[in-house]
Amino acid sequence: MNNPLLYMTLLPLLGALLILFVPRDAKSQIKSIALAATAIPLALAGIVYSRFDQTVSGMQFQLTQDWIQIPYAFPDLPLRIGFDLGVDGLSMPFLLLTAVVSVLTVLASWKTALRTKEYFFWLLLLITGLYGVFASLDLFVFFLFLELTLIPMYFLLGIWGGERKEKVATKFLLYRGLASVGILVSFLALAYGAGYTSGQMSFNMMQIADVFRQAGEGIPFDFKNWVFIVLFLAILIEEAFFPFHTWLPDTHEQATSAVSMIVGGVLMKVGAYVLLRIGVGVLPDMIAYFGTAIALIGVINIAYGAMVAMVQKDWRRLLAFSTISHMGIVLLGVASLTQFGLQGAVFMTISSGLLSALLFFLIGAMQTRTKTLQIDELGGISRQMPILSGFLLVGALGSLGLPGMSGFVSEIVSFIGAFQKFPVLAAVGTVGIILAAVYMLWAMQRTTFGPPGMALEGAQDVTAFEYVPILILLAFIILIGVYPAVLGDLINPTLTQFVKIGG
Amino acid sequence: MGPIIEQLTFQSVWDIMGAEVILVLTGFALLVLDLFLDKEQKKLVPWLGILSLIIAGGLVVRNMINIQSATEIGQLSGYLYVMDDYGSIFKLIFIVGSILTLLISIDYLNHVKLPKSEYTYLLLFATVGAMVMASSLDLITIFIGLELLSIASYILVGMRRDSAKSAEAAMKYLVVGAVGTALTLYGMSFIYGLTGTTNIAMAMDGIAGVWADFEFLVMLSLVMMLAGIGIKISMVPFQMWTPDTYEGAPTPITAFLSAVSKAAAFAMLFRVVLFLFSSHINEWYLILVVLAALTMLVGNVAAVTQKNIKRLMAYSSIAQAGYLLVPIAVLGKAQSGLNVFQSLSEIVFYLAAYVLVTMGAFAIISLVTRDADSEHIESFRGLYQRSPFLAISMSIFLLSMAGMPITAGFFGKFLIILGAIHNQSFWLAGIMFGTSVISFYYYFGIMRLMFKKETDGIEPKLQTSGTLSLVVGIALIVTIGLGVMPDALMDVLGKLAWFGKA
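Going line by line, the protein sequences match chains G and F. Start counting the first sequence at 52; every next residue gets the next number (the working numbering). Start counting the second sequence at 73; every next residue gets the next number (the working numbering).
What the hints contain is simulated information worked out from the structure, not anything from laboratory work. Hints should not be assumed to be uniformly reliable.
To be verified - In silico EDC-like cross-links for lysine to aspartate or glutamate, where the CA-CA straight-line distance does not exceed 16 Å: (1) F/525 <-> G/217; (2) F/185 <-> F/112; (3) G/551 <-> G/336; (4) G/364 <-> G/427; (5) F/524 <-> G/127; (6) F/379 <-> F/316; (7) F/524 <-> G/273; (8) F/114 <-> F/190; (9) F/567 <-> G/127; (10) F/405 <-> F/355; (11) F/185 <-> F/110; (12) F/237 <-> F/447.
Based on the sequences and whatever the hints tell you, model everything.
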């Protein structure tokens, strides 16, 4: 049981339970618990990373713990559900992302005055769910943690959100709940498919992937076909791809900026993780079969997200659509099923997570000063707050893919991969990059330059406290931008394995 | 017929239906005692009922332990009544449900003037009826069990004689229920006519033999029995009575109907319908698939607009019945006996979770609606400030009904979906999960109300009574316990000798 992944997953939960026993007025104690319950997992994530063997492709730091036996589910032996955790080159970056963003989210929530105790309880519960999703190897455990994220999100949106919070919280719940349906049905179908192929049923993702790999054509095409369609539809909803995207702009608009950080930074990357882990890991032949369609959906999202982002009047909605556009690139990269394409997809996901967290933090900081995020009401804030405006500009440039930052590498690598398979679609997709420059810079210009949109007498520029999240996130963004190998070396062995299967 | 009579010694009856005997004797004793007890003493009557139920539970557990070492299952009068684990596990569910109902009732009866003795012994008789439905292998005996449960419930529903709503509820339930039992009996008569026996095991073979020649009659019988049982489990399209009756009945009785009575009907449905007509199930299972899908849809969609908490729970219970129909409906595609046991264990697990959660939720509903003197869901507004324990407990019960993690309901629903996928009923699995997403809307809606902050903040704390806290506590422990360690029950289910020794 002495497993760092287990502690990472359960410490936030422990923190949440501890908070229940702290009186509601002891706000500093509550916040300290929350910080500790996220900082220790971050340290553990660092340790796991430093001891992680980057030369092999399999699971490391494995925990195998029997949990439930289901009788009668499969001939001869009861079906085993294990609290099995593990990390490989694919999940490592996601775990690190969770670790970093969750600590910074706690910091960004430091000033939460409304019902502090409950806020941090739900936030920590959400963080446990996110760790669990990326660390679990068992389909049941994965699904449990995925569902677990719904409950805290409902309250974080519904109690601390904006003026339309209740509708949006319900919308979030229904959309993500629906996505879970598809994910669960396809998971169980995969498990039974693998079970009846090998004669031994298991919920372990790696074992299921192995069975599918070895059986190859042995598993009926029709079966894989519909399972993949169900799974892919679920991912489209989960990842808020067009035409199932409407919940994401609403969520970002109504959530507090701290909640938006963790939603945009981590929660929105779960769908991409499922696509890579199950889609590419278990059903690569289906990705190949539907390649053109997936790439097309990717390109539609790149273009649609970018074009709709241009006409947004609210910064939060603009960023939401920009995320949709970026995640379209992930689909394009995955569809190519090349080493470059998959690498680009992971890069893009992580980069978009870091940039979303940074940008949502920055506009949150801006909002506390300007009291609005409507782009027409803003203007000229660079005079009052040159440093904040500067950081916002850096974030925007990163988002539109300025060389030297993570977005650039992600886009380049994804498109190199995509050009090998879908030259025309990839070429159309690059238009998205140009559009990104347009909407980002145009919004920047209206916000920071020009005549001041409002009186901001006495507004403070970036405080020392705010520097922490900004600089940490920027450091990671630039690190990946100038030294991509830090991420590439980590994920390559695992992705090579995927490409071998796919090819 | 000679040997059958000879076999009925007191010893054999005690061995096989000791639990029922205890409850019936207690019921009659209370009936007589009622004449001699004064007002203060009558307060103890429900406790006597609980005591007899606990003893009965012990006797059922004794039977379950005995069967593990027995060479064959115990039976009475030529398999009229059997002692298999199928019946026993259901009986345990009924007994726990009834104990909790009585605990809620003790609090309820302190505030609403109802005859305590009548109330208690009727509840005991209803429980016996449910137990007979689960353990009998003969159509006539099963029918007697059904009638016992039904008649006792009609009276219990209408017990608030000063309330027009209660009278209306009882009237509706009586009329619809009577039609249902009549239909069931009529359907059974076809079976007897076609096969010449009322014993389920023998009739099952008989029906397989006459299917080709009398398919129409067999199907007619099936449909009528489905309709009769469908009324009891609130299956669409026989659900119309449910909201009115649930609303008008005394709250603990609503809980009883929603949990125990429904569980009994499921025990009967599985034993009677599935077994009698099992030989050609692949020809008629689509009826069940469609009914299950409709029940889930109607229950969940109709619940969305409800503003009365008891009506909302009524529709929610319709939806839950739909989920419970899924394991039965998917058996149409079953490959082997394994699938039957899988479905059974799903139903038992889900029912156990459901009964406990229902009881816990109704305990809180009983308290909150009485305190606010209104059954509108607004009564729950700000409950978290008035009583954090009740609000958190209620949230966990609602999460369990919605099928959210770390509750028994999550694992129960997962099991049902797993079984549906195993039987390749992908659409039904999808509909089940899709409709339960609709249910998020109303379950989370109540939770949100409870956690809303009231502005004045001078709301008085809500006082709970000891028995209600006990019910909530038990329900809470089981709901979370089964959610975190489902193995506690799954292990038992894996070892059961369902229909006797294999």
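These are the hints, each one checked on the structure:
1. Annotation: proposed proximity of residue 525 of chain F to residue 217 of chain G holds, straight-line Cα distance about 14 Å (limit 16 Å).
2. The straight-line distance between the Cα atoms of residue 185 of chain F and residue 112 of chain F is roughly 14 Å, inside the 16 Å bound, and the hint therefore holds.
3. Only pairs whose Cα atoms come within 16 Å are accepted, and residue 551 of chain G paired with residue 336 of chain G is accepted, the gap being roughly 11 Å.
4. For the given pair, residue 364 of chain G sits about 7 Å from residue 427 of chain G by alpha-carbon distance, which is consistent with the 16 Å threshold.
5. With a CA separation close to 51 Å, the supplied pair residue 524 of chain F and residue 127 of chain G exceeds the 16 Å bound.
6. Between residue 379 of chain F and residue 316 of chain F the alpha-carbon distance is near 13 Å, which keeps this suggested pair within the 16 Å criterion.
7. Restraint check for residue 524 of chain F and residue 273 of chain G: not satisfied, since their Cα atoms lie roughly 49 Å apart, outside the 16 Å limit.
8. The straight-line distance between the Cα atoms of residue 114 of chain F and residue 190 of chain F is roughly 11 Å, inside the 16 Å bound, and the hint therefore holds.
9. A C-alpha spacing of about 14 Å is found between residue 567 of chain F and residue 127 of chain G, which places the hinted pair at or below 16 Å, so the restraint holds.
10. With a C-alpha separation of about 10 Å, the suggested pairing of residue 405 of chain F with residue 355 of chain F holds against the 16 Å cut-off.
11. For the hint linking residue 185 of chain F to residue 110 of chain F, the alpha-carbon distance of about 15 Å falls within 16 Å, and the restraint holds.
12. With a C-alpha separation of about 13 Å, the suggested pair residue 237 of chain F and residue 447 of chain F falls inside the 16 Å cut-off, and the hint holds.
Taken one by one, the earlier hints fail for this structure at numbers 5 and 7, listed in ascending order.
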